[in-house]
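Those protein sequence lines, which keep their order, are chains A and B. Per this note's numbering, residue 1 is the first one in the first sequence, and the count goes up by one each step. Per this note's numbering, residue 1001 is the first one in the second sequence, and the count goes up by one each step.
If you are wondering where the hints come from, they were derived from the structure by calculation, not from laboratory data. The C-beta atom is built at its ideal place from N, Cα and C for all residues, glycine as well. Hints should not be assumed to be uniformly reliable.
Partial list, derived from the structure: chain A residues whose beta carbon lies under 10 Å from chain B [said to hold, decoys possible]:
id, residue
1, P45
2, D149
3, H189
4, P214
5, S299
6, P432
7, L510
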Amino acid sequence: MGHFRRSRLFLMAVRFAPWLAMALLIVPVAGGLAGVIGPAFGWLPALDGHTVSLTPWQALWRQPGLVDMISLSLVTALASTLGALILVILLLGALLETRAFRAIQRLLSPLLAVPHAAAAIGIGFLLTPSGLANRAMSPWLTGWSYPPDYLFPGDPWGASLILGLVAKEMPFLLLMSLAALPQCQAQSHHRLARMLGYAPLTAFLKGVLPNLYPLIRLPIYAVIAFASATVDVAMILGPSNPPTLAVSVIRWLNDPDLDRRFMASAAALTQLGVTVLALLFWWLGERLVVKLMSQTLTSGRRNHGDRLIGGLATGLTWFILGLLGMSLLGLMLWTLAGYWPFPEAWPWPLTIGNWMEAADTAWHSVIQTAVIGLASTAIAMTLAIGSLESEIQYHRRMRRRTQLILYLPLLVPPVAFLFGLVQLQAQLHIAPGWFAVILGHTLFVLPYVFLSLSESYRRLDSRWAQVAATLQASPGEVFRRIRLPLLTLPLLTAAAVGFAVSVGQYLPTLLLGAGRITTLTTEAVSLAGGGDRRLTAVYALLQLTLPAIGFSLAIGLPKLLLRNRRGLQPA
Amino acid sequence: MRMPPLFLLATLIVIDQASATPAPADWSAVEKQAEGQTVYWHAWGGDPRSNDYIEWVGERLAESHGIELVHVKVNDASNVVSRVLAEKSAGNTEDGAVDLIWINGENFAAMKTNDLLFGPFAERLPNFSLTRPDEHPEMRTDFTVPTEGYESPWGRAQLTFYHDSQRVDSPPRSLDALLDWAQHNPGRFSYPQVPNFLGTTFLKQALITLADDEEALYTPVEEADFDAITAPLWDYLDDLHPHLWREGRRFPDSGSAMQRLMGDGELALAFTFNPSAPAAAVADNQLPPSTRSYQLDGGTLGNVHFVAIPFNASHKAGAMVTANFLLSPEAQAHKQDISVWGDPTVLDTDALGDDAKGAFDDSQDIPGSLSSDQSANILAEPHPSWVDRLEEAWQARYGNR
Chain A
1 MGHFRRSRLF
11 LMAVRFAPWL
21 AMALLIVPVA
31 GGLAGVIGPA
41 FGWLPALDGH
51 TVSLTPWQAL
61 WRQPGLVDMI
71 SLSLVTALAS
81 TLGALILVIL
91 LLGALLETRA
101 FRAIQRLLSP
111 LLAVPHAAAA
121 IGIGFLLTPS
131 GLANRAMSPW
141 LTGWSYPPDY
151 LFPGDPWGAS
161 LILGLVAKEM
171 PFLLLMSLAA
181 LPQCQAQSHH
191 RLARMLGYAP
201 LTAFLKGVLP
211 NLYPLIRLPI
221 YAVIAFASAT
231 VDVAMILGPS
241 NPPTLAVSVI
251 RWLNDPDLDR
261 RFMASAAALT
271 QLGVTVLALL
281 FWWLGERLVV
291 KLMSQTLTSG
301 RRNHGDRLIG
311 GLATGLTWFI
321 LGLLGMSLLG
331 LMLWTLAGYW
341 PFPEAWPWPL
351 TIGNWMEAAD
361 TAWHSVIQTA
371 VIGLASTAIA
381 MTLAIGSLES
391 EIQYHRRMRR
401 RTQLILYLPL
411 LVPPVAFLFG
421 LVQLQAQLHI
431 APGWFAVILG
441 HTLFVLPYVF
451 LSLSESYRRL
461 DSRWAQVAAT
471 LQASPGEVFR
481 RIRLPLLTLP
491 LLTAAAVGFA
501 VSVGQYLPTL
511 LLGAGRITTL
521 TTEAVSLAGG
531 GDRRLTAVYA
541 LLQLTLPAIG
551 FSLAIGLPKL
561 LLRNRRGLQP
571 A
Chain B
1001 MRMPPLFLLA
1011 TLIVIDQASA
1021 TPAPADWSAV
1031 EKQAEGQTVY
1041 WHAWGGDPRS
1051 NDYIEWVGER
1061 LAESHGIELV
1071 HVKVNDASNV
1081 VSRVLAEKSA
1091 GNTEDGAVDL
1101 IWINGENFAA
1111 MKTNDLLFGP
1121 FAERLPNFSL
1131 TRPDEHPEMR
1141 TDFTVPTEGY
1151 ESPWGRAQLT
1161 FYHDSQRVDS
1171 PPRSLDALLD
1181 WAQHNPGRFS
1191 YPQVPNFLGT
1201 TFLKQALITL
1211 ADDEEALYTP
1221 VEEADFDAIT
1231 APLWDYLDDL
1241 HPHLWREGRR
1251 FPDSGSAMQR
1261 LMGDGELALA
1271 FTFNPSAPAA
1281 AVADNQLPPS
1291 TRSYQLDGGT
1301 LGNVHFVAIP
1311 FNASHKAGAM
1321 VTANFLLSPE
1331 AQAHKQDISV
1341 WGDPTVLDTD
1351 ALGDDAKGAF
1361 DDSQDIPGSL
1371 SSDQSANILA
1381 EPHPSWVDRL
1391 EEAWQARYGN
1401 R
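Please model the complete structure; the sequences and the hints are all you need to start from.
Following this line, the structure appears as structure tokens:
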């Protein structure tokens, strides 16, 4: 009987989970947006805005460079996503199952974990005129005894921003693809195509990619949405004259002239439109590719310049790896540097003074970051697994519209609803602090966790469960003993992604915690705005260490837990 | 944390001070109420030195008044204005998240005109009289706006230039000389991106020097012919920009970012609002040891920075006790100590007792520091309404190239 009751309890909890998840996602985003829509049309009683009008939109339209900002956001988002995706595809196709791939994968896994702000700081430090790259070549090669005066990072075309985003998104997409590969039977398809005489890359493009792409489509959309609305990366690597739209929104939102709040709200809604537009362009691109490629796909041609493209992919990947690796090295050197004038390539004497100075306060931030990350990841994982399990138990696949709601925080740029969210928080008398911050992080963690987990969960062969059920296993037992073990790898990956997302959050921590809660990210970003390269580097390094631990567990644990189940281990 | 020997001395002074001037009756009530409160102080957190100083203030307040001080580090005081505003519009009139703000200028003006401040309280603070406000009217005016007791002075700032003496023999001492210098040293000077306050300060400094009708700057901008008054400024900047760092197409984000560029060697000349910041940065390995400070011949802009209490602060008594402690000779001397922070005091040291005065004797012969005889006249800040118009005009002209 106890068995039966447990089973009912399980089913009830599972039934409840999706509704809880929905509430968590809808209430803050909708409330936040409502808090922005009002002012965007002139309505904000606290500022004497009592009438609905289009004045804020007119003010926004008069802002110089608005069109440039919008196109900059669009171009950088699409170009960086496309670049990262092409790199991932070529890399997988050309090198999958080779020894070089293993090496690259081993090098990439720690880099996956680098939070956006830390990566941007590192790349900025490396490529700035006085950066490590130029120091290594000066003065013996370049003749420079003082840094040259060129505009990079921060070039007006956004090239440095695109580079930074590619370097950061490429490992993310690769991780997502690796987690999805076993689900679409990539290995057997690839082997089959190889046996039919296709060259490795062509075999991948024609035999694996068509099945893989649908599995990584949502992560790609998330990348586009993120890239089109990122604030921290664009502030560090993007142009400032004009900046991307998201950066401008934050500037207008923070303008001490409170009347600007109306126009900023209109701009925040515009940012929402820009993100939607970027997604739309990508979607159209997808259609176009499908249309153009269907002929090639079935043409039977076995080799499309495999060697050349493969070589190119390998070269570019090593370039990205080198870029991130040198950035990390640069960060480490700065944490150990005393006064380090240009063009000396190596700081001397080395000192641990910077670490000692930071130790007291940094330790505090490490703990807070970890606690918030673990708590929000645990909540998000529970809700995501519960929602996915409920789909299976009640045979109710989420409708498209419902699913869109689930991805709301990923598609609605944070800048668009955070100001409204703070108002909501005050109205509900939720004291700024731990509770609000963890809940706020969960809002951003949940979609990513869901995104990285859902396809694997849904595509899991249902016959395993059927076999177990015919052997008298209850739904709870099937869940615990069949589904969870089979999904160990995607589950751990999702948790690591969730933790990394939480660690990287800046605006929600700052706004919902009223600044009372300091994480490594809030500290790193506020220091990056200051003048101290050494302290900034210390925090950037600490900031990337935490998620790195998470990801190495996600890759290392399955090897330990599943040592008897070879087919489930990481590729 | 290092404790300078002055610390002990300063502690003794404050004890002496307290027994010499008994506090008004209602003040002891305030102190009693403050005991055990947690004060959330929202203050710019971009400088480790001011952060460390605030931490020290917290330790002292915990000892003396049982107050727990939490430094909420913000990037920009305007974020705090947003937060208080959001609380007001949500009807939160009693338990606001912000107890104390580090503020001045247009942020103060914005909060005051929108009734977001608690007060008047400043003149009730026992230590306020040590600033001798009657002799120093800048203690009661913030960018020409009368403070009316809604904020309490904390420190001073004055525009100060610094340069790498190994690269620059004789730095420019006027705006004309600056233009000439930039033409001969292309790419080695810049100013922070407006609307960063230091960037705006550079605009105001240039405007005061270049404008024909200087008086108009001290009245609301609506009463002046903005275009006519600012025309010489734009002419000057049009000439200057092609010779700036990155040819004036990008600007450093802040004064600290500009200091970093000096440390990197990209710039050879820069400026700051804290006269002792360059010396402190040399000591901290941030700037070349050959860094030297100076001020312009005709004088440079100076102002006072304050602390204020939002109308809905949860711990007003604790905030007032904190503000009062910040004005104590002990706290002011520790703040001015160049090995701590180096932020100049707002107290009238001549009016202090000999012992208290002694605490302010700073050795000034640290590389990069500005000796007192080198200090130039202080030019007063224009009316805050000029800030917005200047920033808008600058952005329309140079903001989006």
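For each hint, the structure was consulted:
no., hint, verdict
1, P45, "7 Å, holds"
2, D149, "4 Å, holds"
3, H189, "49 Å, violated"
4, P214, "41 Å, violated"
5, S299, "49 Å, violated"
6, P432, "5 Å, holds"
7, L510, "8 Å, holds"
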